[in-house]
Amino acid sequence: MIIANRLRQTNRAEYILYMWQVEDILRSYHCDMEHVRHDYLVRFTLPDDTRAEMEQWYANLCNMMKEEGVAQTGHLQINKNAVQELVELNSQLLDSEKFPYYQQLYYKVLPYIVEIRAKGADKSVGEIETALQTLYGLVLLRLQGKEVSPQTLSAAKDLSTLLGQLSDYYLKNRQGELDL
0 MIIANRLRQT NRAEYILYMW QVEDILRSYH CDMEHVRHDY LVRFTLPDDT
50 RAEMEQWYAN LCNMMKEEGV AQTGHLQINK NAVQELVELN SQLLDSEKFP
100 YYQQLYYKVL PYIVEIRAKG ADKSVGEIET ALQTLYGLVL LRLQGKEVSP
150 QTLSAAKDLS TLLGQLSDYY LKNRQGELDL
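Residue numbers 0 to 179, in numbering that gives the first Met the number 0, belong to the letters of the sequence shown in order.
If you're looking for bench data, these hints aren't it; they were derived computationally from the structure.
A few of these clues could be false.
Below, simulated SDA-like cross-link-like pairs (lysine to any residue); rule was C-alpha separation at most 25 angstroms, straight line [claimed, not checked]: (1) K79 / A155; (2) K122 / K97; (3) K79 / T160; (4) K122 / L75; (5) K156 / E67; (6) K171 / Y106; (7) K107 / K65; (8) K145 / Y135; (9) K79 / D48; (10) K171 / P149; (11) K79 / D167; (12) K122 / Q102; (13) K171 / S159; (14) K107 / N10; (15) K156 / A117; (16) K79 / E67; (17) K79 / Q55; (18) K156 / G119; (19) K79 / N10; (20) K79 / T9; (21) K79 / L45; (22) K65 / N78; (23) K107 / L75; (24) K65 / E128; (25) K156 / L6; (26) K65 / N4; (27) K107 / L179; (28) K156 / G175; (29) K145 / W19; (30) K107 / L140.
Computed from a predicted model, the values in this text were never measured in an experiment.
Taking the hints into account, I'd like the entire structure generated from these sequences.
What follows is the structure, encoded as structure tokens:
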């Protein structure tokens, strides 16, 4: 909750990746709040009021995951909406003549995205979601202690740069500082 709130305000792409990780953590506890409370949240040393707020936040997410039918797989609508906001901004940036640097970044990573899709990634999602899924997959590989090839790390660096720039533009846009 604390990290999610901070990331939501500072880096939209990292916020999405973090929330996908939270979804997976809750799935690992079968969206059972008792297990989450006693096996996961107990690891955090927090003041009582913050602990209560955090427990409520996780409980709300568990309930939403069950209600939306994503307790086993998929993403919460709030997370889908966050991705969609980035997708829409990406499209606006690509359509504008005012952002050549961003366009260069995008076209630099496009071959990676094509290659990732050719290797079996979900072809029904757009380029931005494919980039997010790739970075999330890399996080999972690292958590499992699996080795990652230098080529994958290079692609991930470029994807991360693109998503970081997109997140920066997202924040500027939200603050009314981006002239599209």
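Can you give the numbers of the hints that this structure goes against, from lowest to highest? 2, 5, 7, 9, 10, 21, 23, 28
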